[in-house]
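K.L.:
For reference, the chains in residue letters:
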Amino acid sequence: MKKIIDFTVRDNRRLNKDMFLLTLHSEELPEMKPGQFVNVRIDNSPHTFLRRPISVHDIDMNNGLLYLLVKIAGEGTEHLSQIRVNEKLNILLPLGNGFTMPDTGKHLLIGGGVGVAPILFLAKEMNRKGLSPIVLVGCRTKEDIVLQETFGNYCRLLHTTEDGSYGETGYPTQHSVLAENFDGIYCCGPEAMMKAVARYATQKNIECEVSLENMMACGLGACLCCVTETKEGNKCVCTEGSVFNIKDLTWQI
Amino acid sequence: MYGRFRIQYKGFNMADLKLNLNGLKLKNPVMTASGTFGYGLEFQDFVDLNKLGAFIVKGTTINQREGNPYPRMSETPSGMLNAVGLQNKGVDYFIENIYPLLKDINSNVIVNVSGATISDYIATAEKINDLNHIPAIELNISCPNVKEGGMAFGTNVCSAAEVVAAVRKVYNKHLMVKLSPNVTDIRAIATAVETAGADSVSLINTLMGMAVNVKTRKPVLSTVTGGLSGACVKPVALRMVWQVASVVKIPVVGLGGIMNAEDALEFLMAGANAIQIGTANFIDPTITMKVIEGINAYLDENGFTSVKEIVGIINQA
Ligand SMILES: Cc1cc2nc3c(=O)[nH]c(=O)nc-3n(C[C@H](O)[C@H](O)[C@H](O)COP(=O)(O)OP(=O)(O)OC[C@H]3O[C@@H](n4cnc5c(N)ncnc54)[C@H](O)[C@@H]3O)c2cc1C
Ligand SMILES: Cc1cc2nc3c(=O)[nH]c(=O)nc-3n(C[C@H](O)[C@H](O)[C@H](O)COP(=O)(O)O)c2cc1C
Ligand code: FES
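Going down the list, the protein sequences come from chains A and B.
Residue numbers 1 to 253, in our numbering, belong to the letters of the first sequence in order.
Residue numbers 1001 to 1317, in our numbering, belong to the letters of the second sequence in order.
Just to be clear, a hint being listed does not mean it is correct.
[What the hints assert, rightly or not] Cβ pair distances, simulated, as ranges:
(1) Arg199(A) x Pro1077(B): 38 to 44 Å
(2) Pro1077(B) x Thr104(A): 38 to 44 Å
(3) Gln1064(B) x Ser81(A): 54 to 60 Å
(4) Gln174(A) x Ile1118(B): 39 to 45 Å
(5) Glu31(A) x Met1289(B): 24 to 30 Å
Quick caveat, the hints were computed from the structure, so don't treat them as lab data.
Backbone N, C-alpha and C fix where the C-beta goes; we use that ideal spot for every residue, glycine too.
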């Protein structure tokens, strides 16, 4: 069941020049799956009319905590970055279908930029199931890399930077780990990166899921603004996604 | 003591929100706007659908439509542009798969009907006429997001009258006609539609607008233009509702930018018999319930016994 909850901000930690981590508390926190997202209402931000979709970065059911990893992209997220401890945040959740959780196999999780947000929760759940996931994070430069220690708790963590300042140089699809064999790939990031990953997965015949970030208005499957083209016609990214198997999409790859 | 007693007394003796919209009986004047509330089912976690005056489901056409390509949405200051383009699975799909889920809801489920040609409108309306639990259709002659039909009918006095008269012949329940604001004189269209046999009019549909992405130097929407809705359109919508209410005798359903109970009251006071809530559902999915409560509280606090007493009240001497 979907809910609208006023969360209390417990922490707002700036991670680098444009990313921050919010820790939010509510006794009513519902169960959620990796890959699901929430719709945040950003009050008192004059040009932010609609809610903003943000992935579930992590949850702590025992303590009623929801973590959101956000990158400043415009006025709404800029405003959100200024929120202070004890302020309230009105959130609609849980939304979207989430990633398919495998029972066995070797899995590669790829996050580009703020696309790492849903990857943490996925890695944590896979780790809990004893799956030893590998997480590959693609960034422009070393300063963009965030939360290395947190990720390190749940996976084998690898990096690429475009300028070579950390990890291997280049894009995630150029990383040497791709020479290994995988049973599944899970990816969230800029569309160009997801398409490159999809191309690799298709060539190698590996199951691959991507999380799309289409512009949304309602998040509930009511407005049909967020659709993506699939082999079965247009589908709502907010309810029938945001996670899609690349086989269902009509991407030219 | 007296004050406290009065507050308690008012709590029990709520104002009468019921109304009869030219034969269409509503529990209260609050409806949801087509295209913004899906089939209602999407909102069941937030709204008791039985409590709505009516809800108007997605634009329905004779055949399935895929709608326009993505991007279909762009946020604007206090509003949004959409170019969904009537994506729906067609009237037969609605009848077979959606209607069974809606028919036992104790509210008025109204189907918004659109078409590219008059015969499309007729065919769709005929099929819906056979559904016992659909007491009305809202004829959409005002969609700005389709290439042919839609708004083309609603922006011309003759064609508006023609399509309404044609549907009137085959549809014998409540016929609500949704007007476009993209016209020079909405009163002329409203009067033509009334004469052609409409039982009520609803207005406004979205205002045609556009947005440009300066980074890509391209239009934001795949269709270049789209329909503007949300808080920003309210003053225009309110003006048009007031104008139409002063020239037609049939009931007027007002909408456009209603975000809270006060906005709804403005429309009622300007002459709307009932209202619809659209884009606001996206921001607060429970908004319809809050508006019903808010209207009721206002009537109670100001000593009105029925919502009918405030309809068009601004025109009273
Ligand atoms: C399912 C989903 C999950 C997401 N998860 C996260 C997350 O975990 N962390 C995070 O930082 N961001 C996430 N995003 C992107 C985030 O929603 C946008 O960055 C945000 O809405 C921008 O709002 P703004 O007001 O700051 O920027 P605006 O001024 O509205 O826009 C700035 C730029 O951001 C882009 N943008 C705006 N809205 C969206 C949108 N709905 N989706 C994608 N891009 C958008 C636009 O292209 C625009 O150029 C997610 C998006 C979706 C759809
Ligand atoms: C995403 C979206 C889809 C819509 N689809 C329809 C539709 O199918 N048929 C219709 O008559 N109006 C449609 N409308 C218009 C609304 O019903 C309403 O007339 C308009 O949005 C103004 O009201 P509002 O400002 O309260 O949203 C749509 C509006 C939006 C935002
Ligand atoms: S955002 Fe409204 S249907 Fe997906």
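K.L.:
For each hint, tell me whether it holds in the structure or not.
P.N.:
Hint-by-hint comparison with the structure:
1. Arg199(A) x Pro1077(B): 38 to 44 Å: Holds: the Cβ-Cβ distance is about 39 Å, inside 38 to 44 Å.
2. Pro1077(B) x Thr104(A): 38 to 44 Å: 51 Å, violated
3. Gln1064(B) x Ser81(A): 54 to 60 Å: 43 Å, violated
4. Gln174(A) x Ile1118(B): 39 to 45 Å: 59 Å, violated
5. Glu31(A) x Met1289(B): 24 to 30 Å: 25 Å, holds
Of the numbered hints given earlier, the model fails hints 2, 3, 4; all others are met.
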